[in-house]
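2 protein chains.
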Amino acid sequence: MTRTLPMTEPTTGMPDRVTIYEVGPRDGLQNEKSVVPTPVKAEFVRRLLAAGLGTVELTSFVPQRWVPQLGDAEELLDLLGEDGVGQQRPVLVPNERGLDRALEKGVTSVAIFGSATETFAQKNLNRSVAESVEMFAPVVKRSLDAGAWVRAYVSMCFGDPWEGPVPVEQVVDACSRLMDLGCDQLSLGDTIGVGTSGHVLRLLDALDEAGIGMEQVAVHFHDTYGQALANTLTAIRRGVRVVDASTGGLGGCPYARSATGNLATEDLVWALDGLGIEHGADLDALVATSTWMAEQLGRPAPSRVVTALAGD
Amino acid sequence: MTRTLPMTEPTTGMPDRVTIYEVGPRDGLQNEKSVVPTPVKAEFVRRLLAAGLGTVELTSFVPQRWVPQLGDAEELLDLLGEDGVGQQRPVLVPNERGLDRALEKGVTSVAIFGSATETFAQKNLNRSVAESVEMFAPVVKRSLDAGAWVRAYVSMCFGDPWEGPVPVEQVVDACSRLMDLGCDQLSLGDTIGVGTSGHVLRLLDALDEAGIGMEQVAVHFHDTYGQALANTLTAIRRGVRVVDASTGGLGGCPYARSATGNLATEDLVWALDGLGIEHGADLDALVATSTWMAEQLGRPAPSRVVTALAGD
Numbered sequence: 001m002t003r004t005l006p007m008t009e010p011t012t013g014m015p016d017r018v019t020i021y022e023v024g025p026r027d028g029l030q031n032e033k034s035v036v037p038t039p040v041k042a043e044f045v046r047r048l049l050a051a052g053l054g055t056v057e058l059t060s061f062v063p064q065r066w067v068p069q070l071g072d073a074e075e076l077l078d079l080l081g082e083d084g085v086g087q088q089r090p091v092l093v094p095n096e097r098g099l100d101r102a103l104e105k106g107v108t109s110v111a112i113f114g115s116a117t118e119t120f121a122q123k124n125l126n127r128s129v130a131e132s133v134e135m136f137a138p139v140v141k142r143s144l145d146a147g148a149w150v151r152a153y154v155s156m157c158f159g160d161p162w163e164g165p166v167p168v169e170q171v172v173d174a175c176s177r178l179m180d181l182g183c184d185q186l187s188l189g190d191t192i193g194v195g196t197s198g199h200v201l202r203l204l205d206a207l208d209e210a211g212i213g214m215e216q217v218a219v220h221f222h223d224t225y226g227q228a229l230a231n232t233l234t235a236i237r238r239g240v241r242v243v244d245a246s247t248g249g250l251g252g253c254p255y256a257r258s259a260t261g262n263l264a265t266e267d268l269v270w271a272l273d274g275l276g277i278e279h280g281a282d283l284d285a286l287v288a289t290s291t292w293m294a295e296q297l298g299r300p301a302p303s304r305v306v307t308a309l310a311g312d
Numbered sequence: 001m002t003r004t005l006p007m008t009e010p011t012t013g014m015p016d017r018v019t020i021y022e023v024g025p026r027d028g029l030q031n032e033k034s035v036v037p038t039p040v041k042a043e044f045v046r047r048l049l050a051a052g053l054g055t056v057e058l059t060s061f062v063p064q065r066w067v068p069q070l071g072d073a074e075e076l077l078d079l080l081g082e083d084g085v086g087q088q089r090p091v092l093v094p095n096e097r098g099l100d101r102a103l104e105k106g107v108t109s110v111a112i113f114g115s116a117t118e119t120f121a122q123k124n125l126n127r128s129v130a131e132s133v134e135m136f137a138p139v140v141k142r143s144l145d146a147g148a149w150v151r152a153y154v155s156m157c158f159g160d161p162w163e164g165p166v167p168v169e170q171v172v173d174a175c176s177r178l179m180d181l182g183c184d185q186l187s188l189g190d191t192i193g194v195g196t197s198g199h200v201l202r203l204l205d206a207l208d209e210a211g212i213g214m215e216q217v218a219v220h221f222h223d224t225y226g227q228a229l230a231n232t233l234t235a236i237r238r239g240v241r242v243v244d245a246s247t248g249g250l251g252g253c254p255y256a257r258s259a260t261g262n263l264a265t266e267d268l269v270w271a272l273d274g275l276g277i278e279h280g281a282d283l284d285a286l287v288a289t290s291t292w293m294a295e296q297l298g299r300p301a302p303s304r305v306v307t308a309l310a311g312d
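Each protein sequence line maps, in turn, to chains A and B. Heads up, the first sequence is in the UniProt record's numbering, so the first residue is 1 and it goes up one at a time. Heads up, the second sequence is in the UniProt record's numbering, so the first residue is 1 and it goes up one at a time.
To be clear, the hints were calculated from the coordinates, so they are not data collected in a lab. Don't take each hint at face value.
Stated by the list, open to error - Okay, the calculated bits of chain A under chain B, using three or more residues with CB under 8 angstroms as the criterion:
(1) 189-199
(2) 217-231
(3) 273-283
To be verified - Sample of chain A residues lacking proximity to chain B, with all beta carbon distances greater than 10 angstroms (derived):
(4) 40
(5) 122
(6) 130
(7) 145
(8) 185
(9) 210
(10) 214
(11) 267
(12) 296
(13) 303
(14) 308
The structure displayed is predicted, hence computed values, not measured ones. All C-beta atoms in this analysis are idealised placements derived from N, C-alpha and C, irrespective of residue type, glycine included.
Same shape as in the complex, but just chain A (with noise of 0.2 angstroms):
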């Protein structure tokens, strides 16, 4: 039997090339029971950046006592040397002190992690979606002072395990406050999930309504309810241009009983190659590391595409 690649089969309205942004080893890795050690991150890194991903966010320098599974920031930047450096090795920054620690390690392109439903602001940053803003305003601007570029996550943007599903207009509002600060790019989160096309169309729309253009939009898509690949092929049908995905499907999505996490960048590419979209990475590559990572964390990969051609 022969391994049979999809066919390429150009589509209107397609475009001819979009950027994955690697979000694996932050949030993939994050989202993982287990610590993995720090070479192996660094290894997990470089075989990404082989394998053709160009943007990958390496880690979080948020205090270990909150996210254990990314305490080593500074060790892992050290051992990445210059493989860790630029605007397109992004890293999240959750307040001024993560900010200060990743400038002291020459860090050119952070993240900052807002929320757009004022429960999880709460839970994840313990104050308000306002109090939040302000709190993440000092951050922007230094960061652009300091020439860095500034992408925005806004997570709970569709759906929220306490509040429910959530207004557009809110998810626009949080949005809105965030690129007021100066931010380079949003990451529209559906942390859990739960939202399917139409959905992600009507937010989109309102955003461009709002002056938010595509070109400043980048989609995270969870696959616990299946919908990722559906949604993030309707926001590049919509004219969004930079996706979010994480090699082999990791990191579980930490509000629901699912092994599924973000978006399997295998799957991704497999749907790119189909539709004749360039992105530069190459899925065999991509396969034999989710396989080795596999083994690292002691779990399956739940990518639907490793699964068919691990071992190939």
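Got chain A sorted already, so can you dock chain B onto it with the hints?
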């Protein structure tokens, strides 16, 4: 934590309603390793009907030595009684002998199983595509003469594990030959799950140009590479109104090292609910059915939605 249902966001270009053609009891169980006892199958069908699925393909009148999993077609229909009767309870018939058996049991709705590729026709039917159409001709004619409704499955419509990507013209040719026999409906099968949305559109466009309208077409996607839902939504957007799915995602792909089979009915229902598209099925009842069936089969359901919601 409250359960977060998807927000309903109707989208332009989408229909008010689609028909789910449930294939779990036939295509699902046919590809499971274990042979399910007949009373459990009958209970499975009854639960699917109680969950609001209008159309349920019950079984296959295939020789037991070919598919031991479905060797009890007569017994199943006897057990189902009135619940197994009518046009919305199709059964697969591989040949005239199978049709004889089905008609003897009062079946009024049948499906035949053709191939778009020569290799699969040889391996599955032991004859060429042309010879298989000859074999099906009297099956279809006698079915129609008996007043039965006839569906024609066409397998390997996107890729073939031996031949690779399948040219669209070749698929259209196989479909046309089967429809020329007088079949009521085509079901386009991506048997190994390699297709992507651009390819889906190209095939549907080509069928339309060849005079096979969308009202005659159903789609049947496997989730081997994570593309099933995205492809199904693409087909619905293109005008297809009948979509195949398998409750729980039952049915491992026999041609890939993958536990993932058909599009899970629950994942489809989640998407349709979010899009405000009516379908008649109750998600909770489907999830409960899949959870129960997983216990019978001794393996978890591969549906993302079932994984996330089971136990709620």
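For each hint, the structure was consulted:
Under the rule that three or more residues need a Cβ within less than 8 angstroms of chain B, the assignment of the segment 189-199 of chain A holds, with 8 such residues. Look at the segment 217-231 of chain A against chain B: 7 of its residues bring a Cβ nearer than 8 angstroms to a Cβ of that chain, three or more, so the hint holds. With a threshold of 8 angstroms between beta carbons, the proposed coverage of the segment 273-283 of chain A by chain B holds, since 4 of its residues qualify and at least three are required. The Cβ of residue 40 (chain A) sits about 26 angstroms from the closest Cβ of chain B, beyond the 10 angstroms cut-off, so the non-interface label holds.
Even its closest Cβ contact with chain B, about 14 angstroms, leaves residue 122 (chain A) beyond 10 angstroms, as expected for a residue assigned away from the interface. With a minimum CB-CB distance of about 24 angstroms to chain B, residue 130 (chain A) clears the 10 angstroms threshold, and the non-interface call stands. Even its closest Cβ contact with chain B, about 39 angstroms, leaves residue 145 (chain A) beyond 10 angstroms, as expected for a residue assigned away from the interface. The non-interface label for residue 185 (chain A) is consistent with chain B: the shortest C-beta to C-beta separation is roughly 24 angstroms, beyond 10 angstroms.
Against chain B, the non-interface label of residue 210 (chain A) holds: every CB pair exceeds 10 angstroms, the least being about 17 angstroms. In this structure residue 214 (chain A) is separated from chain B by more than 10 angstroms, as the shortest Cβ-Cβ distance comes to about 17 angstroms. Not every CB of chain B is more than 10 angstroms from the CB of residue 267 (chain A) (nearest about 4 angstroms), against its label as outside the interface. At the 10 angstroms boundary, the C-beta of residue 296 (chain A) stays outside the reach of chain B, the nearest C-beta of that chain being 21 angstroms off.
A cut-off of 10 angstroms between C-beta atoms contradicts the statement that residue 303 (chain A) is not in contact with chain B; the least separation is 7 angstroms. At roughly 4 angstroms from the closest C-beta of chain B, the C-beta of residue 308 (chain A) falls inside 10 angstroms, breaking its exclusion from the interface.
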